[in-house]
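Take the given structure of chain E and dock chain C to it, following the hints.
Protein sequences appear in the order of chains E and C. Under the working numbering, the letters of the first sequence match residues 70 to 354, in that order. Under the working numbering, the letters of the second sequence match residues 70 to 354, in that order.
Some clues are possibly wrong.
Said to hold, decoys possible - Here are the simulated lysine-lysine pairs, PhoX-like style, with alpha carbons at most 25 Å apart:
hint: 1; chain 1: C; residue 1: 319; chain 2: E; residue 2: 197
hint: 2; chain 1: E; residue 1: 72; chain 2: E; residue 2: 115
hint: 3; chain 1: C; residue 1: 72; chain 2: E; residue 2: 289
hint: 4; chain 1: C; residue 1: 296; chain 2: E; residue 2: 289
hint: 5; chain 1: C; residue 1: 225; chain 2: C; residue 2: 72
Because the hints were derived from the structure by calculation, they are not lab data.
Protein chains: 2
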Amino acid sequence: MIKRLVIIGVGLLGGSIGLTAKKKNVAEKVIGVGRNPKRLELARQKGAIDEFTTELATGLRDGEFIILCLPVERIIEFLPQVAEHSPASAIVTDVGSTKKTIVEEAEKLFGDGRATFIGSHPLAGSEKSGVEFSTSTLFKDATCFVTVNEMTPLDKLQQVVKFWRSLGARPFILRPDRHDYLVSMSSQGIHFAASALAKAFGSLGEDANLLRLIIGTGFKDTTRIAKGDEELWLEICRQNVQYIAEALDKFTNELSEIKEAIKNRDFDRVKTFLADARNLRQMLD
Amino acid sequence: MIKRLVIIGVGLLGGSIGLTAKKKNVAEKVIGVGRNPKRLELARQKGAIDEFTTELATGLRDGEFIILCLPVERIIEFLPQVAEHSPASAIVTDVGSTKKTIVEEAEKLFGDGRATFIGSHPLAGSEKSGVEFSTSTLFKDATCFVTVNEMTPLDKLQQVVKFWRSLGARPFILRPDRHDYLVSMSSQGIHFAASALAKAFGSLGEDANLLRLIIGTGFKDTTRIAKGDEELWLEICRQNVQYIAEALDKFTNELSEIKEAIKNRDFDRVKTFLADARNLRQMLD
Chain E
70 MIKRLVIIGV GLLGGSIGLT AKKKNVAEKV IGVGRNPKRL ELARQKGAID EFTTELATGL
130 RDGEFIILCL PVERIIEFLP QVAEHSPASA IVTDVGSTKK TIVEEAEKLF GDGRATFIGS
190 HPLAGSEKSG VEFSTSTLFK DATCFVTVNE MTPLDKLQQV VKFWRSLGAR PFILRPDRHD
250 YLVSMSSQGI HFAASALAKA FGSLGEDANL LRLIIGTGFK DTTRIAKGDE ELWLEICRQN
310 VQYIAEALDK FTNELSEIKE AIKNRDFDRV KTFLADARNL RQMLD
Chain C
70 MIKRLVIIGV GLLGGSIGLT AKKKNVAEKV IGVGRNPKRL ELARQKGAID EFTTELATGL
130 RDGEFIILCL PVERIIEFLP QVAEHSPASA IVTDVGSTKK TIVEEAEKLF GDGRATFIGS
190 HPLAGSEKSG VEFSTSTLFK DATCFVTVNE MTPLDKLQQV VKFWRSLGAR PFILRPDRHD
250 YLVSMSSQGI HFAASALAKA FGSLGEDANL LRLIIGTGFK DTTRIAKGDE ELWLEICRQN
310 VQYIAEALDK FTNELSEIKE AIKNRDFDRV KTFLADARNL RQMLD
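Only chain E is shown next, with the shape it has when bound in the complex (with noise of 0.2 Å):
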């Protein structure tokens, strides 16, 4: 059991860590740090947090365990104060969508007399923002990515995997290049190309009404994360330009072949190609 759980950003996923935590047993005290005490009472009262404080040195005293629930930029911006003021033997995580940037970040700051960071990424939250919307059941059966490389302890590693494992979460450790390649293809280029489909049709000139009603469970399911905040897609993208653009080369050609194969009337191809989506995409359920 976690003595001190300091929770960084009491949003929908650090509210949902806390509730969670809480539920399960898995801190004794959940310490809530953020920039609106209002914000911060409201979790209290939901049960996200114990208590709260929107002093980063006061909430990391004693901190056993620590976690960054802030967007990816404010992550690397938070990690020189939290690395100042965290006790030597804490462990430090994080739920940052990209991993290279804020674990070299890191590296430079942690150890050597300090605590020790270890990146997480969870596969979890929604387009949905803020505390109201955290839960208890976010992370079950939710991957959660854990990066490693050389200079990861592993005994420390091991605990930060128990933690995310006492949340219900299946925890994944990989390295962290390795890790932003994959969510490019996975999650951010998904986005980017989401948000292609939906503004594509909404810039078709037709009166939003009309919009509204042609589109049917298929169309609002394919373009539903479009309704992410883009703040926090643009600081996903700054940190990982490189393997969204090469994810989104791999959509456009896959998407110029099939127009070819229609134009041109290649019905064999347009069939191969359903086909093979079918499959490929049955494979995933």
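Relative to the frame of chain E, chain C by itself:
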């Protein structure tokens, strides 16, 4: 109340029409016509139809309202026989996902002492098929396109509109060509785009177990429709080549533009793109 509602093809859509028509007292008797007596008996046991036959001419005898619930090319294939055997007073409609070719074919065969054909396309269904998945709520609040042109008798049009409304759907009257244009963007192009995403991801050369682990609900929702039956979508594609190719052009252009912005680290443009996409998608809810 319709005396004899004839459903040709009792699958997901046909079965759901039967279930709903019986539940809402839209028809006195529902006749199912199909090829496979076992499947038809299943539909009867489920309450989707009252009687069935594998003989089209027998099924159409005394039919008042006749609806073809078949894949688009089989609709076209069956139109001559349906025109031949339907009572002259009958109304014939369909559920095909394309309308221009079907209506053009029907105009050669119906009217002029024969039954009246009016095209329909309810925006309902799923990647599943078969009468076992049919429900009496499938059409609730679903848009249903109903086609009109210079040849359409307005009293019969009104009856088709009333039919769909009585099943809980929201009829939307438009011209066949306009229909095919709109659904190429809202449905068919989206299907090919989701398929391209699933195919590009599934073809990464990574282990299937790994791919399953690294996808979240975002990926799954965005690519879910790629699980649809390739034969159905191939037929739809063959009937709407030009507009689907144009829709894919719009998507690839949008995707290429944002890819260039990302590569050039033009993050102002990336942010505007993401914000536009979010606004347009939210507008559609």
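(request) Return the numbers of the hints above that this structure violates; sort them in rising order. (result) Of the numbered hints given earlier, those the structure breaks are 1 and 3, listed in rising order.
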